[in-house]
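Asker: Residue-level listing of the chains:
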Amino acid sequence: MSAGQSAGLGLLAVILAALPFVLDNPYHFEIAILVCLNATVCVGLNLLIGYAGQISLGHAGFFALGGYASAILTLSYDWPPLGALAAGALGVAVLAHVVARPILQLKGHYLAMGTLGLGVIISIALNREVELTGGPDGTIVPPFSVLGWMPFESLEWYAITAGLMFVTVWLSLNLIGSPIGRALRALHGSEVAAETLGVNTASHKNLLFVASAVLAAVCGSLYAHFSGFITPTEGAFHHSIELVTMVVLGGMASVFGAVVGAALLTIAPQVLTVFHDYESIVFGAVLMGMMIVLPRGLVPGLVRLVQSVGFGR
Amino acid sequence: MTAALLQYLISGVTIGAIYALVGLGFSIIYNASKVINFAQGEFVMIGGMAAVFLVADGLPMVAALPLAVLLAVLVGIGLERVAIAPARGASVVTLIIITIGASILLRGTAQLVWDRNFHTLPGIGGGMPIEVLGATILPQAVLVICATMAIVAALFWFFKATRTGQAMLATSYDPTAALLVGIDTRRVLTLAFALAGGLGAIAGILITPIGMTYAGVGVMLGLKGFSAAMVGGLGSPMGAIAGGLVVGIAEALTAGYLSSAYKDAVAFVIILLVLVTRPSGLFGRRDGISL
Amino acid sequence: MSRLEVEGLVKRFGPFAAIDQLSFVVEPGTIQSIIGPNGAGKTTLFNLVSGLLHPDAGRVCFDGGEITGRPAHRVVRSGIARTFQNVQVFFNMTVLENVMVGGHLACDRRLLPILLRLPGHFASERRCRDRALALLDQVGLAGLGDRPADALPYGALKRLEIARALAAEPKLLMLDEPAAGLNPAETDAIDTLIQEIAARGITVLLVEHDMRLVRGVSDRILVLNRGRRLAAGRWDEIRHNPEVVAAYLGAEGRNR
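Protein chains in written order, with the working numbering: chain A, 1 to 313; chain B, 1 to 291; chain C, 1 to 256.
Keep in mind that the hints were calculated from the coordinates and are not lab data.
Be careful, since some hints might not be right.
Across the chosen pairs, the derived CB separations fall in these ranges [said to hold, decoys possible]:
#1 65(C) with 130(A): 56 to 66 angstroms
#2 94(A) with 74(C): 19 to 29 angstroms
#3 173(B) with 4(A): 38 to 48 angstroms
#4 93(A) with 174(B): 38 to 48 angstroms
#5 216(B) with 93(A): 27 to 37 angstroms
#6 142(B) with 276(A): 42 to 52 angstroms
#7 39(C) with 132(A): 57 to 67 angstroms
#8 304(A) with 122(C): 27 to 37 angstroms
#9 65(C) with 302(A): 46 to 56 angstroms
#10 276(A) with 116(C): 43 to 53 angstroms
Reference listing, derived: stretches of chain A covered by chain B, where coverage requires no fewer than 3 residues with Cβ under 8 angstroms from a Cβ of chain B [as the list claims (entries may be wrong)]:
#11 145 to 155
#12 268 to 281
The beta carbon of each residue, even a glycine, is placed where N, CA and C say it ideally should be.
Just chain A, with the same shape it has in the complex:
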């Protein structure tokens, strides 16, 4: 881990620890919890997209499958929430593993289309299997509990999600600096070269695809329990795009970028409601403008800016 990354991790820890003292109402906590969940998904997604160069426009599908697994297993089959979460994660792992090999041999726009198609199919199934999922109206989800302990207070939920996010960031940073992380970035740079140096590119891509899908599923489960409700929109194409946008806006191949992007795009709609009817116009325009001005994303773009100012002196 580089000095910059250690400093970033420390800063993140301080911010996460300080936030509960700043947030003064349940609504603010709710947003903070959503930021943590989205950030966790995005850190995983950024490993896949930013570091390994494999775009996915279907990860919301995995998020929703995790959420629905929790909803259905706890509600209709009386499973303990933790068991349902694990089962959902396992099911998504199996699904991701099965589709990974054929889909991840695709590149660029074709991979984008393949993952998009997968996500849309999942989303349509969630809409249509009304008996199982409740259809477009969604379904209620019983409260979460771990061995009898039931997080009810916002602070408890915040502790769970912030902890999950922090651990994910830490593990990701460890991975990136390792031989496996180098192999992932190498196959982004040149798949054939990586392959001739002993990197089993197919299995590396698959592993990462499965891991990021599982992370999304776990967050989907927690989201479903936290909000007490889940609808197929969580798995819709639009949500996949939102996740990718968080990654790209924050900065590709930047773990902290994914966190910053998730935070911004989760908070932005809450703030933008002041624009009423102009909300999506402002959102679309800001999105375009940011990507044109900072095509590498916020965090790498700002790091570069600071460096160039530093060298300029």
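Given chain A's structure and the hints, the job is docking chains B and C onto it.
Answerer: Below, chains B and C without anything else, positioned relative to chain A:
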């Protein structure tokens, strides 16, 4: 039995023609710029909505429809000038996000300028179905199919016989070489977005009497047009047309014989099957390993 | 036992045979060059030996064991590394990281120690890093390790690829046109580098168009034409071979 099949084929070809027009737009922009324009569906929406509201404002059809197409053409040009040109050289994913931002912006604008409701346009022939071998076909569907064929023919003439069309083709094969022989590749790019805007708008106007329109109509139509373009092989205009028809017919047959609930999933099941078995599409160039 | 033994190798692209019944051997500790006109099948041969392509017929044996049809990431385990004609540097990484990827197989890649930063892992990382630094030094890129790879000039990228391939600790190093696009001074430096590599006991298989380089370093030369073996031998044996002269060397060959 055969009458039912014929009926499904008719509706499949009709909707397939629309997907083909949208897919053509994807292909033309992709060829000129290697950009996948996720705002392609919004051109369709603009065409339909603009036509509806211009007609509602009292304009006669002959004036309203060309104006609606013109609007989409201008939006296409604006999109290229404002968002795509300044981002030259950005990564594929960044460009995808930019066009997605544009699609959100355009949808939001449409909801504001027009409204959030469903609308339709009167079709030709008063919507009275014509009977053919036990199946029925709407005059508007005949128009969709004929208009699509005419547009495709005109496009092929344009690419074959005009200097501008040739310049666009040359740019798609090798932008650097095209620049070297004096082609204004900047203009080609703008023209591609204008053409794609126009094609989308025409598709939107044609489909509105059959399928209704609203501010969000472009999302699904865009995605299905994208899969049509890709089923045929990204960047191949012929492929986009074939892909559109394949997707449209498969969708109609699925709705008729299997399950209408999963109709919308058909395009994506097809694209997954095609991608997995033939990774560069049915008509795409098949490359070996690329070093 | 030969280091590399290719026997009856065939690779077709559609009706066209890029490699057609090709057989040859490479002896340990030698530098062998493969020359031939464009389209002779040199790069295809490299892709077949390194496992990026699979042959339609024939055998590839390395140190007596058959490696035909093995995937590329397993071929390198037996001791074959290569560079690429059009550089395949990881431009999204630093120079040092590029070379460290070359040492991928030698690194500790167990997931749990990596994720939890267990101490044993760091020793392996340090070794990997030190080796990569030494290799950068050896190819003349000392001090450039922290630069992003995309900031290097072309000549340096060629050397970086060689350092990266050496990091895989190969017994056979395959160089695909290492001097292409280089000026005479840079080419001379590559000449020296190849001889140094060979002096350390690494067998070298070289594809190159620069005849001065080929003549200077090669123990043996294999001449390919349309995927077939046209001739093989020392430089002075093949340079007067009328078929070789006709197919490839032309006036250039006669003048030397």
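Asker: How does the Cβ-Cβ distance of residue 276(A) and residue 116(C) compare with 43 to 53 angstroms: does it lie in that range?
Answerer: For residue 116(C) against residue 276(A), whose Cβ atoms are near 49 angstroms apart, the range 43 to 53 angstroms holds.
Asker: Examine the stretch 268 to 281 of chain A: at least three residues should have C-beta closer than 8 angstroms to a C-beta of chain B.
Answerer: holds (count 5)
Asker: I want to verify a distance hint. Is the separation of the beta carbons of residue 39(C) and residue 132(A) within 57 to 67 angstroms?
Answerer: holds (59 angstroms)
Asker: Is the distance from the Cβ of residue 65(C) to the Cβ of residue 302(A) consistent with 46 to 56 angstroms?
Answerer: holds (53 angstroms)
Asker: Count the residues of the stretch 145 to 155 of chain A whose Cβ falls closer than 8 angstroms to any Cβ of chain B, and tell me whether that reaches three.
Answerer: That given contact is violated, which follows from only 0 residues of the stretch 145 to 155 of chain A lying within Cβ reach (below 8 angstroms) of chain B.
Asker: Range hint 38 to 48 angstroms: satisfied by the CB atoms of residue 93(A) and residue 174(B)?
Answerer: Since the Cβ atoms of residue 93(A) and residue 174(B) sit about 44 angstroms apart, the hinted range of 38 to 48 angstroms holds.
Asker: For the pair residue 94(A) and residue 74(C), does the Cβ-Cβ distance stay inside 19 to 29 angstroms?
Answerer: holds (27 angstroms)
Asker: Could one say that the CB atoms of residue 304(A) and residue 122(C) fall in the range 27 to 37 angstroms?
Answerer: Since residue 304(A) and residue 122(C) have Cβ atoms about 29 angstroms apart, the given range 27 to 37 angstroms holds.
Asker: Taking the CB of residue 142(B) and the CB of residue 276(A), does the distance hold inside 42 to 52 angstroms?
Answerer: holds (44 angstroms)
Asker: For the pair residue 65(C) and residue 130(A), does the Cβ-Cβ distance stay inside 56 to 66 angstroms?
Answerer: Since the Cβ atoms of residue 65(C) and residue 130(A) sit about 59 angstroms apart, the hinted range of 56 to 66 angstroms holds.
Asker: Could you check the hint for me, namely that residue 173(B) and residue 4(A) are 38 to 48 angstroms apart, CB to CB?
Answerer: holds (44 angstroms)
Asker: Mind checking the hinted window 27 to 37 angstroms against the Cβ distance between residue 216(B) and residue 93(A)?
Answerer: holds (34 angstroms)
Hint 11 alone, counting from the list given before, is not met by this structure.
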